[in-house]
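Each chain is listed here by its residues.
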Amino acid sequence: MQHIWIVLGVLFVLLNIAAGLIWLERRMLAMWQDRLGPNRAGPLGILIVLADTLKLFFKEDWIPPFADKWVFITAPAIVVASVLMSFVIIPFSPSIIVSDLNVGILFFLAMSSLGVYSIVLGGWASNNKYSLLGALRGASQMIAYEVFMGLSLMGIVMLTGSFKLSDIVNAQKDVWFVFKQPVALVIFFIAGVAETHRLPFDIPEAESELIAGFHSEYSGMKFGMFFIGEYLGVTLISAMTATMFFGGWLGPAFLPPWAWFFIKTFAFILFFILLRASLPRPRYDQLMETGWKVLLPLVLLNLMVTGAIALWIRG
Amino acid sequence: MSALTILLDANVNSSANYFQIGIQLLVAIGIVIVMMVASHLLGPKRSTSEKLENFASGIESHGNARAPMAIKYFLVAILFVLFDVEVIFFYPYAVNFKELGWTGFWEVLLFVAFFLVGFIYIIKKKALQWED
Amino acid sequence: MGTAQILFWSLTALALISAIMVLVSKNPVYSVLWLIVVFFAISGHYILLNAQFLAIVNLIVYAGAIMVLFLFVIMLMNLNTETEPQKSIWMKFFGVVAGGLLLSFFISFVISSADLKGKSAQLKEGEIGLIKTLGKALFNDYVIPFEIASILFLSAMVGAVVIGKKD
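Residue numbers (my numbering), protein chains in the order written: chain A, 4 to 318; chain B, 0 to 131; chain C, 257 to 423.
Just so you know, the hints here were simulated from the structure itself, not pulled from any lab data. On a predicted model such as this, the values are computed, not experimentally measured, just so you know. Each residue gets a CB set at the ideal place from its N, CA and C atoms; glycine is no exception. Hints are supplied without guarantee of correctness; some may be wrong.
Said to hold, decoys possible - A few chain B residues facing chain A, derived, Cβ under 7 Å:
| # | residue |
| --- | --- |
| 1 | Asn16 |
| 2 | Ile22 |
| 3 | Leu25 |
| 4 | Val26 |
| 5 | Val31 |
| 6 | Ala37 |
| 7 | Ser38 |
| 8 | His39 |
| 9 | Gly42 |
| 10 | Val86 |
| 11 | Phe88 |
| 12 | Thr102 |
Said to hold, decoys possible - Covered stretches of chain A, as calculated for chain B (at least 3 residues, CB under 8 Å):
| # | stretch |
| --- | --- |
| 13 | 61-67 |
| 14 | 96-106 |
| 15 | 145-151 |
Stated by the list, open to error - Pair ranges (Cβ atoms, derived):
| # | chain 1 | residue 1 | chain 2 | residue 2 | range |
| --- | --- | --- | --- | --- | --- |
| 16 | A | Ser98 | C | Ile400 | 26 to 36 Å |
| 17 | C | Ser344 | B | Ile28 | 25 to 35 Å |
| 18 | A | Thr56 | C | Ile273 | 49 to 59 Å |
| 19 | C | Lys343 | A | Lys58 | 46 to 56 Å |
| 20 | A | Asp103 | C | Ile273 | 26 to 36 Å |
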């Protein structure tokens, strides 16, 4: 049946992208930081992906005896499952979309709200003070930035009149939404970086503070799953930005639609990596206060101004 | 046979579109279980006494992690619930924006104004200030 | 049995078993996790009835926001098994009996209600649960409750801040 093939194909492509990002991120970080990165294993160092994956599989699958066993196992599973589910609504091309839901954007927001649980449960299950503190901070950051992730997309929904992603892509045939909603793009991207807890918002992982944040006690494949979840999250936010603001699979006819979609998504993935290579990490209280006091009023203002201008133009 | 009719249903507004979500959920859970079981079977099992302690960069830890936490996390969570429900009320408006015209716009503006009043109260009372 | 029937009965079984596990779990965090499973089952029921907006909003608000709040509260409290009071087994037994009597009262009330005789729920199709229809109804017929709801949220915010901050 056709749907099963689309589901399997989408998941296969996604897992390959998540694995390939291991190599891509380290090479691009190296390039932007004026060094070489992995270049020994295989041509251009691409076999580092295989080496890393096999290493994680063959590590000891150890659950700390002081940890809560079932919650410890469930936490990384939640993040991978919820991010894989979010790809159900993304339109790769006019005919390749797993399920063109009536409430597409809301489904994406629902799945990203579920991502908070993996941090909270992972930190709590580890029964380690530093993990718990990292988990609470990470969860507070994610829920603070989730409020205006939904609101920033409402400007586009107001202009299109539908939550379906295929309608939104089709509504961009004349002009991309990046030109009509620039403020919403900036706010959505910032919220997306905070949701996937990448630099500059990676206090939950906190590579030089709090040991390793909520995943201090994790090792082996469960640790690997947290990182697969993070790379898939990066891919998801890039795909959503490309679809909502930059026309998705629209483009001149000399390339097939899915090629345009992948080009735009990869451009944003590279932008994520550039952010990691270049920006310093702000303090946690600066992060939270900016989120609540600056970005939330800004996104509400954007919506009201969009509404007023759109109604005024219509006459 | 009824499974096939679900898939051939072309009505865009029906709930048959959710069937693929079920398939994707099952495959995603299957992938996760395979990864966990494979790493469980493939890895060695070695226990040492250091592994039984919490990891705190070599410093000894006192007490377990089940201790009361600061109330600011709780306040952030409550305010998140309130603002999330405000955003939910915004969604039906955004879809019907063009049909509702100026009347709907003023209604929603009033709604957002009440929320902004509450928001200004929260900022003035320093409930969201992270450091004292 | 059609597919809709199979889905309905399996979702019902999942919801009931998870609800019982919420009550029976020794660890409060496990109770919260089983409650999240209950919410997923209920969202599945909503999807069967084609109430798509309600299903997704149930996930976003209940399973996504309110349960996070519950988890924070459970983590704020200092819960260790040694310090919790234990109830006697007779109390638990009589609690189950009282709860069962209440349940049978509700079921008999619903079954004998004249309003619900002979009707069946509309499955899979139907415009009433769509977000467009809901929006039109909300903003044309129910504007006053909508504005009053925002005042309710204002009072909730004030209440949270008053309870949370000492000064």
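Structure-based check of all given hints:
Below 7 Å, beta-carbon pairs count as interface contacts, and Asn16/B has one with chain A at about 5 Å; its hint therefore holds. Interface restraint check: Ile22/B against chain A, minimum CB-CB distance 5 Å, threshold 7 Å, status holds. The restraint placing Leu25/B at the interface with chain A is violated, with a minimum CB-CB distance near 9 Å, outside the 7 Å limit. For Val26/B, the suggested interface contact is upheld, since its CB lies about 6 Å from the closest CB of chain A, less than 7 Å.
Satisfaction of the interface hint for Val31/B is found here, the shortest Cβ-Cβ separation to chain A being roughly 5 Å, below the 7 Å cut-off. The interface hint given for Ala37/B holds, since its Cβ lies 6 Å from the closest Cβ of chain A, which is under the 7 Å cut-off. The beta carbon of Ser38/B comes within 3 Å of a beta carbon in chain A, closer than 7 Å, and the hint placing it at the interface holds. Hint status for His39/B: holds, given a least beta-carbon distance of 4 Å to chain A, under 7 Å.
Evaluation of the Gly42/B hint against chain A yields a held restraint, the C-beta minimum of about 4 Å falling below 7 Å. With 7 Å as the threshold, the beta carbon of Val86/B comes within range of chain A, its nearest partner Cβ sitting at about 5 Å, so the hint holds. Because the beta carbon of Phe88/B sits about 11 Å from the nearest beta carbon in chain A, more than 7 Å, this interface hint is broken. This hint is violated: Thr102/B has a C-beta 10 Å from the nearest C-beta of chain A, more than the 7 Å allowed.
Coverage of the stretch 61-67 of chain A by chain B holds. Counting CB-CB distances below 8 Å, 6 residues qualify, and the rule asks for three or more. Proximity of the stretch 96-106 of chain A to chain B, defined as three or more residues with a beta carbon under 8 Å from a beta carbon of that chain, is established by the 5 residues found. Counting residues of the stretch 145-151 of chain A whose beta-carbon sits less than 8 Å from any beta-carbon of chain B gives 4, enough to reach three: the coverage restraint holds. At about 46 Å, the beta-carbon gap between Ser98/A and Ile400/C misses the expected band of 26 to 36 Å.
Against the hinted window of 25 to 35 Å, the Cβ-Cβ separation of Ser344/C and Ile28/B comes to about 41 Å, which falls outside the hint. The given range of 49 to 59 Å is broken by Thr56/A and Ile273/C, whose C-beta atoms sit roughly 37 Å from each other. Distance hint check for Lys343/C and Lys58/A: the Cβ-Cβ separation is about 50 Å, which falls inside the suggested range of 46 to 56 Å. About 33 Å separates the C-beta atoms of Asp103/A and Ile273/C, a value consistent with the hinted range of 26 to 36 Å.
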